[in-house]
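A.B. asks: Here's the letter readout for the chains.
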Amino acid sequence: MDLADGFTAIFVSLGAFFFFAGWVGLVRFPDSLSRLHALSKADNLGLGLVIIGLMPQASWPFGMLKLVALWLLGVLIGGATAQMLAGAIHLDDGREPPGGNGDFARRTSEAGRNNEPGAAH
Amino acid sequence: MMALPAAVGPWLAGPRSAELLFPILALPVLGLLLAPLLGARGARLLALSSLSVGLALALACAVALVAADAPLVYALGGWTAPLGVELRLDGPAALMLVLTAALLLLIGLHAAGEFNVRVMGRRATLAFWMLLLGVWAGLNGLYLGRDLFNLYVAIEVLTFSAVPMVCLKGHAEQFGAAFRYLLFALLGSALYLLGAGLMLGVHGTLDIAQIRAALDAAATPPGGTANAVREATLAAVALMSTGLLAKTALMPLHLWLPPAHGGAPAPASAVLSALVVKGSFFLLFRLWLDLIPDLPALNVGLLLGGLGVFAILLGNLMALMQARLKLLVAYSTLAQLGYLFLLFPLASGTSGGTAATAALMQVVSHALAKASLFLIAGRILAAFGHDRLGELNGFGRVMPLTLLVILAAGLALVGLPPSGGYLVKSLYGGAAAELGAWWWRPALELGGLLSAAYLARILAVAVRPESVSVTASARGHAVTAPLRGLVVPALLAGCALFLGLVPPALFSLMDVARPGMGSAAAVAAVMQSALTPAGFWNSAGPAMAVALLIVLFLGAGESAWGRRVAVVGRGLAGLEAWLRQWRTAGALLLCLLLIQGWATVA
Amino acid sequence: MPEIPLPDPRWADLPLAFAVLGLALWLTLTRGDRAAVIGFTGYGLLVAVAWVRLGSVDVALTEAALGGGLMGVLLLTAVARLGSDIDQPRPSLPGDLLIGLLCLGVAAGLAVVVLGLPSSPPSLVAAVEDHQAATELGNPVAAVLIAFRAVDTLLESVVLALAVIVLWSFGADRAWEARPRALDFGEPSPALVLLARLLPPVGLIVGVHLFWTGADHPGGPFQGGAVLAAMALLVWLARLGRPPPVTDGFTRLGIVVGPLMFLLIGLAGVVLAGAFLGYPDAFTKPLILLIEAAKTLSVAVALALLVAGPPALSGALSMRRTGSTETGAKA
Amino acid sequence: MTEAQIYGICGAGLVGIGLYGAILGRSALRRLLAFNLMGSGVFLVFGAIARRGGIVDGTLSDPVPQALVITGLVVAFAATALAVALLIRLAAVDREEAPPSAEPGSADAPSVATTPSAGSPSAGTSP
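Protein chains in written order, with the working numbering: chain P, 26 to 146; chain X, 584 to 1185; chain H, 573 to 903; chain B, 5 to 131.
None of these hints come from the bench; they were simulated from the model.
It is possible that part of the hints are untrue.
If we take Cβ atoms under 7 angstroms as the criterion, some of the chain H residues that face chain X in the derived model are [stated by the list, open to error]:
{"#": "1", "residue": "673"}
{"#": "2", "residue": "676"}
{"#": "3", "residue": "678"}
{"#": "4", "residue": "723"}
{"#": "5", "residue": "831"}
{"#": "6", "residue": "832"}
Since we're looking at a predicted model, the values are computed, not measured.
In this text, a Cβ means the ideal position worked out from N, Cα and C, and glycines have one as well.
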C-alpha cells in the first residue's frame, strides 16, 4: 500500500461517505425539494472526492485529463438536471418556481392546461 | 439454346452451384434497403421485379441441388463454422424457397392494383411493399440458416416485417392486435435466444450440424459428463421450442393470431397465414429432426402431437361459429397448423420420411389454399363493405366465379382427392399405420369433416336467397369488381386442388440430403389408390355427407344456425376466449416450457 | 485489451447481483408506471456495471448507452404520453400465485442448467485470436461483429433501418408529410436549453471517438452511434432543432447508407475476396473502417428517429399528467 | 462462486422476474418494461457464458457471445421502440373523437359479432 494507493483509499472512501450522506438525506428529508437539495449537494462533492482519489491511479496526462473532464461533465449535467427537476416539482405542486424563470412555469402549465383540460392528477 | 446451359453450367450443375445461395439472401436485403430511397411508387416496381428474379434464383437452386444430389454449403465471408456462419441448402429448404418466392410474387401481383399510391396513399404503399420484401428476406434467412443465432436474427427480421402488416390500415383495434402480436412474439424470441445462448455455453458452437455431431458423440459413451451435456442441450432445445411454439401460434398459444390475421388487409393476411407462420414451424422442424438425434425416444413428440390434435378440433369448431368470414378463415389457419404438428409423434423409424413428406405437403397445400381464401375474402369485403356472414346471404348468386374459387380452395383444405389435403391425410395415415399408432387417424378424419362443415356453411350462405344488403350493394361494387382480381386466387386454389396430380418425380426434390425420406415413392403409392372410385368414395363420402347435413341444417337461414349452435357454442367460445386472455396465454406458455423441459430431460 | 484487475468476486459481485435483482423486483411490483420507468434507467446503469465486472467492456458501453440511456428516454416519453393506463384487472391471488410459482420454476430450472454447464467450457476465444490478424482489428469483439459473423451484423442493421420505416408507417395517412412529434413537450426549461447548447459538441467528439477507437479498443459503431443519437435527442427535446419530416430524402439516405454500404462491399467481396461478405487481403482495414463509419451514421440517425416516434399532426398526441387514474379495462 | 456463476444466477432470476412482470403487468407499458428486464436477464446469461469461456483461456471474456449480446441489445431496442410507437398511436387513435374516416369500399369495420353464439374475438380482450 504505497502512498498513491493510500491517497486513493482515503479520498475514495471520503467520497463514498458523502454519497452515503446524500442517500441519508434522500431518505430522511420530508419533501422533494429538500431531498433534491441534499442529493445534488452531497453527490457533487462525493463525485469530486472520488475523482481526486482516482487521480494517482490514472496515467499522466491523458488519464487525469479524462477524469477531470468526467468531473466537469458530472457537475454540468447534475446541475442542469437538478434545475429541471426543481422546475417540474414546482409545476406538480402548482407553486411558482423560484427565481426569474417564473414565465417558464406559467407558459408550461398553460401549455399543459391546453393539451389536457381535464388533467386531474 | 445450347449456349445458355454451357454458360450457366458451372452454377446449375458444376462445382460453383453453392454460390447460388448468397444472392438468395442478398437480393431481398438489397431491395429492402433501396425501397425507401425510391419512395412509394418505385418500391412497388422494385419489389415485384426482385421477387421475379428471386423466383428464378430459387428454381435455379432447386435444379442445382437435384443435380448435385448433396447439400449445398456456402461459408459466408470464407469463415467456416464454428467461428463463421454457413448457409446450407437441402431438399425441404429448396422446396420452401421456391414456394415462398412464387407465393409472394403472386400475392404481390394480386395486390399491385390495391396497394398503389392512387388507392392507398404513399404511407401504406411504401410500407406494404417493404414489408413484403422484409418477410421474404426473413424467410430466406430461416430456410438457409444453419447457425442458431443467425436464425434468431432472421426470425426478428420476419417478426419486424409481419407485425406492421397487421395495422397497415391504422384502425384502433388493429394497433391493439399488433401490439399483442409483437409482445408475445418478442417473449418467444427471448426464450429462443436464451436457448441458443445455453447451446453456445454447452457446445461452444451454434452450428446445427456440429451440435448434432457432438450429441451423437456424447450419446455413445454413457459417461457422467455425456448425459450432463445431453440434458443441458435438451433443456436449451425445450426453451427454443417453446419460443417457436409461441411464434407459430399453435393452440393454446394462439391469442394473437385471430385478431391479427382477421384485421389485416387481405394480401397481408394471405402472407401472414400462408408463409409467416410456417417460417417458425420450419425452425421447429430443424430443431427436433436435425438437431436432436433421438426424438422418438423422447415423449415430447407425443406432447406436440397432442397439441396438434387439440388445435385441429378446437380451431375447426371455433371456425364454424365465427360471424365474420376473415375470422373464420383465420381460425381455419389455427386448425390447419395442428396438422403440421402431427409430424413429431410419427417422425420415427422408416415412417419418419413419410411423416416429414406429409408435413411439408401440408405446408405447401395450406399455403396455396389459405392464400387464395384470404384474397377472396378481401374481394368480398371490398365488394360488400363488410364480411359479416349474417348479412351476406346470396353473395354467391351475385359473384358466381368467386364462389367457385372458394369451393376449390375449400375442397383442398377438406382433403378431397386429388388435392394436397388428401395427400397429407393419406401420408399421415400411412405413417401412423406403419407405426401402429392408430389413434392419430381419427383426428385426421374428424379434422376433414369439420373443415367440410364450415365450408358448407359458407356455401349455404352463398346460395341462400339474397338478403337486402347484398342486392343493394351488388349493383354498386360486385358487378364492376374487375375479373383480373380472380386470376391469382383461382390459380392458387387450382394448384392446391390438383397438387396430387403433380408427377411424383418432382417430389424427389424433398429427398435430397435427407436420409430415408423417400417422398416420391410415398406420394406415388398414395395417388394410385386415390383415383380409383373406391379410394375416392371412402375419403370423399363422409365429407359430402357432413356438407349435405350442414346445408339442410342451415336451410332456415343464418340466425337459425346461430340459435341452434348457441348451446354448445357458447361454452366453447367462452373457453376459447379465456384461452386468449393475456394472462392465461402467459401461464400456458410457462406451463408448456416446464412440461417440455421435463418431457425431454426425464 | 486493458488488464482490469478483478478483485475477489464475493465482495464486489454478490452485493451488485442482489442490488440488480432487488431493483428488478421493485420495478415489477411498484405501483406507479412513472416511478418504474425512472427506476429502469438506473437499472440499466447497474447492469452496465455488472457487464464491466463480467469483463465485457464493449457490452457495458452498449448497455449504458442503449439500455440505460436511450431506452430510458424512450420509455419516459411513452409514460409522459400514456400515463399509467391500467388495462388489466387487479391480479386475483390464486392466479397471481400460480404464475409466480411458474416463473420461480423457470428461473430455478434455468439457474440449475447454468450452474450445471460442463466445467471445461469449449470456447471460441482461441479461434478468434488465431484468425483476428486477418481482419487487422485489435478489438476481438469488433473482429467478430464485422468479419466472422458479418451476416448477423448486416441483418441487424437492416432490422434497424426497417424498424424506422415501419415506425413511420404507424402514423396517420394525413400526417405522412408532417414531422415526428413524440418529443414535443411544451416549452423546455432554460436549464435544458443550456444543457442542449453545451453538451452536443462534447457528445459529438465522444461519439466519434468511440467509433474510431472501436477498431482496437472497446467501443464501436453501435456505442458511438448511440451517443450521437442521444445528442440529437437532447437538441430536439430542447427545441433547438426539430426531427426531419418523413419524406426528407437525406434522412432516408442516412438511415440506409450503413447497411447498404455493408451489403455492397460484401457483394464486392465475392469478386475481390472470393466470398460474400469477405474482405480482400490488400485493403481490409480501410474497407472495414468505411463500413463502420457508414454504420455509425446510420445507427445514430436510426436510433434518434426511433425515439422521435411516428409523424403526427400538431396536437395529435396527448400529454397526460401521469396520475395513476384507474381507467379500467379499455379497448 | 466465480463471478460467472453469480451473474448466471442473477440472469436466471431476472428472466423469472421479467416473465412474471410481462404476464401480470397491469398496463401495456409495464409489460413492455418487464420484457426488457427479461431481455437483460437473457443477456446476462450470455455474459456469464462469455466470462466462463474467458476464464479457461486466460482473457477477460469470450468475444463471440459479447458480439451476440450487442446485436441482441440493438434488436431489443428497436423492438421496444416499435412497441412504444404502437401504444402511443393506440392512445392517439382512441382519443380522436371521430374514428379515422373509413375509406370507401374497404371499410374493414371491426364489427363485434352480432349473433349470440359467435364468440368472435373482437376488441373485448384488451392487449
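A.B. asks: Can residue 673 of chain H be said to touch chain X, with a Cβ gap under 7 angstroms?
C.D. replies: With a minimum Cβ separation of about 9 angstroms from chain X (threshold 7 angstroms), the hint on residue 673 of chain H is violated.
A.B. asks: Can the hint on residue 832 of chain H be confirmed by a CB-to-CB distance to chain X that is less than 7 angstroms?
C.D. replies: holds (5 angstroms)
A.B. asks: With a cut-off of 7 angstroms on the beta carbons, see whether residue 723 of chain H makes it to chain X.
C.D. replies: The hint holds - residue 723 of chain H has a Cβ within 7 angstroms of chain X, the shortest such distance being about 5 angstroms.
A.B. asks: Going by Cβ atoms only, is residue 678 of chain H closer than 7 angstroms to chain X?
C.D. replies: holds (6 angstroms)
A.B. asks: Next item in the hint list is residue 831 of chain H. Is there a CB on chain X closer than 7 angstroms to its CB?
C.D. replies: holds (6 angstroms)
A.B. asks: Take the shortest C-beta to C-beta distance between residue 676 of chain H and chain X; is it under 7 angstroms?
C.D. replies: violated (10 angstroms)
Checked against the numbered hints above, the structure breaks hints 1 and 2 and satisfies the rest.
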